[in-house]
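Enquirer: The whole structure should be built from the sequences, with the hints applied where relevant.
In order, the protein sequence lines correspond to chains X and F. Read left to right, the first sequence gives residues 65 to 357 (the numbering used here). Read left to right, the second sequence gives residues 46 to 404 (the numbering used here).
Wrong hints could be hidden among the right ones.
[Claimed, not checked] Straight-line alpha carbon distances no greater than 25 Å define the calculated PhoX-like cross-link-like pairs of lysine-lysine that follow: (1) F/Lys-163 / F/Lys-226; (2) F/Lys-118 / X/Lys-261; (3) F/Lys-121 / X/Lys-261; (4) F/Lys-75 / F/Lys-267; (5) X/Lys-261 / F/Lys-256; (6) F/Lys-142 / F/Lys-164; (7) X/Lys-181 / F/Lys-118; (8) F/Lys-293 / F/Lys-267; (9) X/Lys-261 / F/Lys-142; (10) X/Lys-261 / F/Lys-306; (11) F/Lys-121 / F/Lys-63; (12) X/Lys-261 / F/Lys-178; (13) F/Lys-155 / X/Lys-261; (14) F/Lys-392 / F/Lys-312; (15) F/Lys-161 / F/Lys-267; (16) X/Lys-261 / F/Lys-176; (17) F/Lys-256 / F/Lys-161; (18) F/Lys-176 / F/Lys-161; (19) X/Lys-181 / F/Lys-121; (20) F/Lys-63 / X/Lys-181; (21) F/Lys-121 / F/Lys-201; (22) F/Lys-392 / F/Lys-306; (23) F/Lys-75 / F/Lys-226; (24) F/Lys-226 / F/Lys-55; (25) F/Lys-75 / F/Lys-201; (26) F/Lys-49 / F/Lys-121.
[Stated by the list, open to error] Sample of chain X residues with no beta-carbon within 10 Å of chain F, all distances over it, derived: (27) Tyr-100; (28) Leu-206; (29) Ile-232; (30) Leu-248; (31) Tyr-265.
[Claimed, not checked] Over 10 Å on every C-beta distance to chain X, these chain F residues come out as not near it, computed from the model: (32) Gln-170; (33) Ala-274; (34) Ile-343.
Calculated directly from the structure, the hints in this document are not laboratory data. Every residue, glycine too, gets a C-beta built ideally from N, C-alpha and C.
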Amino acid sequence: MSSIPSGPRPKYLTVGRIGMYCFILVCALFFLMPLYVMVITSLKDMDEIRAANILNLPKELSFYSWPKAWSQACTGFVCEGLKPGFFNSIKITVPSVIVSVGLSAINGYALAFWRFKGAYFFFGLCMFGAFIPYQVMVYPLLKIEDALGIYSTLPGIILVHTIFGMPILTLIFRNFYVSLPIDLFKAARIDGGNFIKIFLYVIIPMSAPITIVAVILQVTGIWNDFLLGLVFAGRDNQPMTVQLNNIVQVDYGVAEYNVDMSATILTSLVPLFVYFISGRWFVRGIAAGAIKG
Amino acid sequence: MSMKSSVEVKNISFSYGKTEILNDLSLDIKEGEFMVLLGPSGCGKTTLLNCIAGLLDLTDGQIWIEDDNVTWKEPKDRHIGMVFQSYALYPSMTVEKNLSFGLRMMGTAKDLINEKIKKAANLLQINELLKRKPSQLSGGQRQRVAIGRALVRDAKVFLFDEPLSNLDAKLRAELRYEIKKLHRDLSNTMIYVTHDQIEAMTLADRISVMKDGLIQQLDTPKQIYNKPANLFVAGFIGSPSMNFLNAKFDKSNQNIIVGNKQIDISKYENINNMINDQKVVFGIRPENINIEKNENSIQCKVELVEPMGADTLVWTSIEGNPISIRLEGSSNFNLNDEINILFDINKSSIFDSKSEERI
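Expert: Here it is in structure tokens:
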């Protein structure tokens, strides 16, 4: 091809580009492989699984492991499948997300706009809180909840999730609000807004992107949590992850790998679903909070 | 404009931590007066406005609005309306909701709100925009809405914080005219912060020129332009700016000496306040230099010509100091032409070198 340079520059396939595609392909395969194995294993019957061709497609599709994982598999002494765990997880996640996101938004708003005395100290405290591994606080918190009489109850586990979510969420909200033009806040004060009114009428309507980020973080975090659910939820409120563990860790009988796989996929569906529907918002929210406004 | 005070700033101080922004500043603004706070960035003018609005807490002093000590009052209780450089319209609300927000917060009756919005919208010609969101408006339209928001609140005092700085030159001139008209029609007290001297000159009844948190001069635009109180004001006001020559006063000949040139200043109004050998800065505006030949004129060479349409700016120099001369647009000069220039001493300003104060 020969010509005088004119118009759009022609695009060539460079070595760098080929390398990039290869890299992307390898990454995709790397992450898809386990999912592939999980899905096909869940669709095999036990005889075929024992044949040990882990990567082969099932010769005959069998779906029985799915309903079994959902409603019949044994989690300890009861054999009701994951269903009760699913509803427990919803009962834990929904209030925890609402309370922690709501409180963090108010905290972030106060930190960003109402520079009270000690605000910087509080800000530092949040930073500190966000980076402490929560395992070190499990035992003291357990004693506190026990003293309050809410240990091993639904409110108990909700409180724990709210407490652990708030430092990082407060920081996220604060950083987002700091990026909003301060003049808006000033105008609202002159227009007669007080602390609550400005938050409700001016700040909340602008908080959609960051709220979505916070909700995604909290939903996936709380749904995937195992340790806190195991320790604080109590026998009646065990979340799905704890029950999944009970299904998989059988001490007696036969390990039904197809049921284990179905149960695992079922448990991870909620976070997956949340990412799929909100991916676009997630990126937008991260950008809005991180770069600048 | 009456002689009654509308806004009184009494000995206020303000600091951010240890950084002192305002120190013992006082300002008395009359009812119906258009006061412009003018100064370079960082001079404290916006801080002063925010203090008047109640958005910042004073370190010391008092603020009075309409014979009412509002020092400890919330911004909403000060009967003020404020217009911001960034417009600060609530992005999630329509223009109508933006305008009515303040009234709704106060719990005003719906009929009254509608009536007030209608009136303000008519005045600012934003009737067609009422149902739109701020993001669907141009910069000029946004600023009109922002002014409207102050209008509907029946504010006694309007505060403007560089309202035109984000607009392009044409729109700025247009809205400047509108604000001036608004003041003529409403005759509210207005306090207007800007760093743009044209805005200050055209709008103000009085200008308060500020620097480093201090008021350098408080006077009418005319006085400030013609009789700047010190070297800073003289240099800050006027574009192209005033020409300055470092000189020494020779009492016996009533001359000032610049290098080996002499300029007769016997006609200067305050010449009697000057002492022999006093070091001074001689200031003269470009339009107060004439091309004229007589025994007092100075001969020099044209070094640069800037035609600006209405006028032409001719640059030359005296003893190495650049001098600009503003002439008619039709005047015709070429590079290296020999010219004789004559200063209009009546309109010149002379400052003491040390104190930088006007003599």
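Enquirer: Which hint numbers doesn't this structure obey?
Expert: The structure conflicts with hints 5, 8, 10, 11, 15, 17, 24, 30 and 31, although it agrees with all the remaining ones.
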